[in-house]
Amino acid sequence: MYDGWKIIIGLLVFVGFVTLPFTLSIGKDYIKVDPKIDTPEIQKLPSAERKCVESKEFMRKEHMKMLIDWRDAVVREGKTLYVNSEGKSFNMSLQNTCMQCHSNKSKFCDECHNYLAVKPYCWDCHLEPKEDKKEARR
Amino acid sequence: MGIVRALLVVLGLIFLAYVGTGILGLESIFGVVFPYTAFVIFVVGFIYKVIKWGRSPVPYRIPTTAGQHYSSLWFKQNKIDNPSTGWGVALRMFFEVFTFRSLFRNTKAEFLKGRLYIGSSKWLWFGAIAFHYSFLIIFLRHMRFFTPETPWLISGIESIDSFLQIHILGSPLFYITNLVIVGALLYLLGRRVFDAKLRYISLPSDYFPLFLILGIVITGILMRYFFKVDVTKVKELTLSLTFLKPTVPEGIGSLFYIHFFLISVLFAYFPFSKLMHMAGVFLSPTRNLANNNRMKRHVNPWEYPVKHRHYEEYEDEFRDKMKKAGIPVEKE
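Chains A and B are the protein sequences, given in the same order. Per my numbering, the very first residue in the first sequence carries number 1; after that it's consecutive. Per my numbering, the very first residue in the second sequence carries number 1; after that it's consecutive.
Please note: incorrect hints may appear among the correct ones.
[Unchecked claim] Cross-link-like lysine-lysine pairs, in silico, DSSO-like; alpha carbons within 27 Å at most:
hint, chain 1, residue 1, chain 2, residue 2
1, B, Lys233, A, Lys107
2, B, Lys197, B, Lys113
3, B, Lys228, A, Lys56
4, B, Lys233, A, Lys32
5, A, Lys28, B, Lys79
6, B, Lys228, A, Lys32
7, B, Lys79, B, Lys296
8, B, Lys233, A, Lys36
9, A, Lys36, A, Lys61
10, A, Lys51, B, Lys228
11, B, Lys296, B, Lys76
12, B, Lys233, A, Lys119
13, B, Lys228, A, Lys61
14, A, Lys105, B, Lys228
15, A, Lys6, B, Lys228
16, B, Lys233, A, Lys105
17, A, Lys65, B, Lys233
Keep in mind the hints are simulated off the structure, nothing from the lab.
Sequences and hints are given; from them, build the entire structure.
And the structure:
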């Protein structure tokens with residue numbers, strides 16, 4: 001091999017690079033997310049009314065779009081009422097509607113966001129809710 | 001028609017993944033077996049190809065000399081385009097790999113109103129650089145699915161890619177690279193389709209990677225902006241692959257498996273295709289050799305062993321005859 005050692009070093013760099021996902025996992029915990037919806041506010045509700053603005057499946061996939069649409073509606077268009085698919089009205093507000101029930105930001109929002117390295121810019125403007133750290137760890 | 005065949009193959013692959021996961025329920029094959037197999041084929045095939053190329057002897061220096069070579073002091077050497085040292089080669093390779101310098105010098109000859117014009121043509125370079133860099137960024141961004149704790153570098157790339165905070169589609173953050181890679185791929189495809197000269201020399205193996213990557217990009221965009229999938233479940237699957245503890249969560253949806261399968265195909269196809277230019281660019285003798293032909297001695301190992309005979313031996317044999325014939329000799 002001409003310049004064999006250079007080619008071998010190049011190959012080693014290549015192998016080291018493409019196996020990074022495997023080597024970075026060594027010694028790390030295999031995390032599984034477990035978002036919690038057991039805040040006192042939600043537990044106070046009778047079980048029939050324990051529903052979010054829209055269905056769970058919808059919220060899981062579309063909450064990011066809903067929140068950004070709410071922001072535009074409120075901040076840019078001055079509309080504050082959201083009517084959901086069941087005809088029920090809600091005040092479009094992250095802090096007063098969403099966080100009212102989901103007061104556990106670290107276990108409800110951050111749990112999955114951190115897992116997936118998603119950084120929502122909600123908290124660029126909104127104040128982060130002050131959480132009781134003991135409760136958050138639960 | 002190469003283009004039709006390539007398109008049919010890609011559509012067939014999409015159909016296969018759809019039937020496999022949407023109807024037959026073979027999620028564990030498409031989510032675990034194929035990705036692992038493809039990864040092994042990719043790494044082993046890649047190494048095999050590079051070793052095979054590396055074993056070919058390159059006894060002489062054959063760089064393309066695209067500038068003034070090292071000469072007398074009053075000629076200014078072009079150290080990048082005609083390097084004479086290892087460092088010059090490193091610089092040349094750096095610009096080749098990161099900025100596609102050779103492609104930047106691309107020219108185009110065209111008949112316009114019966115006259116031949118030759119001019120610089122940067123569109124291919126522009127399309128290529130747009131495609132390659134957005135692909136790189138997208139590839140690196142996806143590492144968030146394969147690392148338990150996403151490294152800051154990956155998150156940083158992602159926040160730069162989405163910094164415009166456009167939310168015209170179904171996501172609060174629009175990735176610039178999504179737009180760029182689709183545009184670049186359509187350009188790279190379009191130049192093969194609409195330029196008669198290029199269409200003539202294009203083979204199925206030219207169209208296939210384009211359609212394959214376009215398929216990957218489109219399914220990815222669909223999942224992000226239109227038909228959302230549950231990303232936590234997706235990461236559960238991908239992370240379990242890197243932890244070598246494969247688990248297949250239920251209910252991810254066929255769209256994801258089509259995306260994943262096309263990527264597996266891309267990886268498995270890689271070592272046997274023109275995509276190997278990823279390694280090939282580093283092993284190009286016309287780029288990676290220093291032009292030191294006359295500074296160092298380069299010996300060809302398979303040179304025919306020429307039988308030498310020195311003049312002294314010749315004279316020793318024929319001295320008497322030479323003397324008789326009156327031919328001058330060196331030794332009496």
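Here's how the hints hold up against the structure:
{"no.": "1", "hint": "B/Lys233 to A/Lys107", "verdict": "holds (17 Å)"}
{"no.": "2", "hint": "B/Lys197 to B/Lys113", "verdict": "holds (18 Å)"}
{"no.": "3", "hint": "B/Lys228 to A/Lys56", "verdict": "holds (14 Å)"}
{"no.": "4", "hint": "B/Lys233 to A/Lys32", "verdict": "holds (9 Å)"}
{"no.": "5", "hint": "A/Lys28 to B/Lys79", "verdict": "violated (47 Å)"}
{"no.": "6", "hint": "B/Lys228 to A/Lys32", "verdict": "holds (20 Å)"}
{"no.": "7", "hint": "B/Lys79 to B/Lys296", "verdict": "holds (18 Å)"}
{"no.": "8", "hint": "B/Lys233 to A/Lys36", "verdict": "holds (16 Å)"}
{"no.": "9", "hint": "A/Lys36 to A/Lys61", "verdict": "holds (17 Å)"}
{"no.": "10", "hint": "A/Lys51 to B/Lys228", "verdict": "holds (21 Å)"}
{"no.": "11", "hint": "B/Lys296 to B/Lys76", "verdict": "holds (21 Å)"}
{"no.": "12", "hint": "B/Lys233 to A/Lys119", "verdict": "holds (18 Å)"}
{"no.": "13", "hint": "B/Lys228 to A/Lys61", "verdict": "holds (6 Å)"}
{"no.": "14", "hint": "A/Lys105 to B/Lys228", "verdict": "holds (23 Å)"}
{"no.": "15", "hint": "A/Lys6 to B/Lys228", "verdict": "violated (45 Å)"}
{"no.": "16", "hint": "B/Lys233 to A/Lys105", "verdict": "holds (21 Å)"}
{"no.": "17", "hint": "A/Lys65 to B/Lys233", "verdict": "holds (19 Å)"}
Violation of the numbered hints given earlier is confined to hints 5, 15; the remaining hints are satisfied by the structure.
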